[in-house]
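Asks: Could you build all of it, start to finish, from the sequences and the hints given here?
Quick note: the sequence shown uses full-length UniProt numbering, first residue 1, plus one each step.
The set of hints was computed from the structure by calculation and includes no laboratory data. Every residue, glycine too, gets a C-beta built ideally from N, C-alpha and C. Hints may contain errors.
[Claimed, not checked] Taking lysine-lysine and the DSSO-like style, the derived pairs with C-alpha atoms no more than 27 Å apart in a straight line are:
{"id": "1", "residue 1": "16", "residue 2": "222"}
{"id": "2", "residue 1": "221", "residue 2": "16"}
{"id": "3", "residue 1": "222", "residue 2": "178"}
{"id": "4", "residue 1": "16", "residue 2": "178"}
{"id": "5", "residue 1": "221", "residue 2": "130"}
{"id": "6", "residue 1": "150", "residue 2": "130"}
{"id": "7", "residue 1": "203", "residue 2": "130"}
{"id": "8", "residue 1": "16", "residue 2": "130"}
[Unchecked claim] Each pair of labels, with its calculated beta carbon distance range:
{"id": "9", "residue 1": "111", "residue 2": "206", "range": "33 to 41 Å"}
{"id": "10", "residue 1": "154", "residue 2": "95", "range": "47 to 55 Å"}
{"id": "11", "residue 1": "223", "residue 2": "140", "range": "29 to 37 Å"}
{"id": "12", "residue 1": "149", "residue 2": "173", "range": "24 to 32 Å"}
{"id": "13", "residue 1": "72", "residue 2": "176", "range": "33 to 41 Å"}
{"id": "14", "residue 1": "87", "residue 2": "179", "range": "25 to 33 Å"}
{"id": "15", "residue 1": "223", "residue 2": "176", "range": "23 to 31 Å"}
{"id": "16", "residue 1": "119", "residue 2": "7", "range": "17 to 25 Å"}
{"id": "17", "residue 1": "49", "residue 2": "111", "range": "30 to 38 Å"}
{"id": "18", "residue 1": "18", "residue 2": "162", "range": "28 to 36 Å"}
{"id": "19", "residue 1": "173", "residue 2": "46", "range": "26 to 34 Å"}
{"id": "20", "residue 1": "35", "residue 2": "142", "range": "17 to 25 Å"}
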Amino acid sequence: MSQPPAPEPIVIAVPKGRILSEALPLLAAAGIVPEPAFGDENSRALRFRTGDPGIELIRVRAFDVATFVAHGAAQLGIVGSDVLAEFDYPELYAPVDLDIGHCRLSVAEPAELAARDDPRGWSHVRVATKYPHVTAQHFARRGVQAECIKLNGAMELAPTLGLAARIVDLVSSGRTLKENGLVEVEPIMAVSARLVVNRAAMKTRAHVFPLVEAFRTAVGKKAA
Numbered sequence: 001m002s003q004p005p006a007p008e009p010i011v012i013a014v015p016k017g018r019i020l021s022e023a024l025p026l027l028a029a030a031g032i033v034p035e036p037a038f039g040d041e042n043s044r045a046l047r048f049r050t051g052d053p054g055i056e057l058i059r060v061r062a063f064d065v066a067t068f069v070a071h072g073a074a075q076l077g078i079v080g081s082d083v084l085a086e087f088d089y090p091e092l093y094a095p096v097d098l099d100i101g102h103c104r105l106s107v108a109e110p111a112e113l114a115a116r117d118d119p120r121g122w123s124h125v126r127v128a129t130k131y132p133h134v135t136a137q138h139f140a141r142r143g144v145q146a147e148c149i150k151l152n153g154a155m156e157l158a159p160t161l162g163l164a165a166r167i168v169d170l171v172s173s174g175r176t177l178k179e180n181g182l183v184e185v186e187p188i189m190a191v192s193a194r195l196v197v198n199r200a201a202m203k204t205r206a207h208v209f210p211l212v213e214a215f216r217t218a219v220g221k222k223a224a
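Replies: Right under this line is the structure:
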């Protein structure tokens, strides 16, 4: 009698960039050890095996993690709460704050403008950001009309080139802002990385829930 086909592996989407190095110890603590090529910065591969044949990793842009998981191409993912707020996918469940990737989403403007500016007096702002949804919501709550110009990078150039007087972007140390003559003038939200799960996969894939619990345990041990 022929054996039933092996189930498709669980796919976990992880972000390229700053969160990845912080996520690796958590993955290991949850029992997920990527193949050696995963740590090769020169590798162009995007899909990787792990020590568990039932789990694979994909490495994608941070903004794309939520999309891969929401549409079921991956069952779990690691993504910043800023991305979750921007896309607000109903298909996503975010059960675990991973306590990594800490930063904040803030409004910034040129230092010379900030010296004579008072955010409490704003009625209309023109803002360059890759977070138009979150930005518009933030200013709407304050009764400020926001014209959002969508950019995917090099946000700090917008004020110096006259594209927009202000930007909304992630801020960690503030070094990038300072080197480009900008200052943080108003925080919007604190940001950390979350474990996200496709809601349908949570109900239909037997191995998803144990993985969620493994991440929860790993975070608890890290905090202890």
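Asks: Compare the structure with each hint and give your call.
Replies: Hints, verified against the model:
no.	hint	result
1	16 - 222	holds, 22 Å
2	221 - 16	holds, 25 Å
3	222 - 178	violated, 32 Å
4	16 - 178	holds, 25 Å
5	221 - 130	violated, 34 Å
6	150 - 130	holds, 5 Å
7	203 - 130	violated, 33 Å
8	16 - 130	holds, 17 Å
9	111 - 206: 33 to 41 Å	violated, 55 Å
10	154 - 95: 47 to 55 Å	violated, 34 Å
11	223 - 140: 29 to 37 Å	holds, 35 Å
12	149 - 173: 24 to 32 Å	holds, 25 Å
13	72 - 176: 33 to 41 Å	holds, 35 Å
14	87 - 179: 25 to 33 Å	holds, 30 Å
15	223 - 176: 23 to 31 Å	holds, 29 Å
16	119 - 7: 17 to 25 Å	violated, 53 Å
17	49 - 111: 30 to 38 Å	violated, 49 Å
18	18 - 162: 28 to 36 Å	holds, 29 Å
19	173 - 46: 26 to 34 Å	holds, 29 Å
20	35 - 142: 17 to 25 Å	violated, 48 Å
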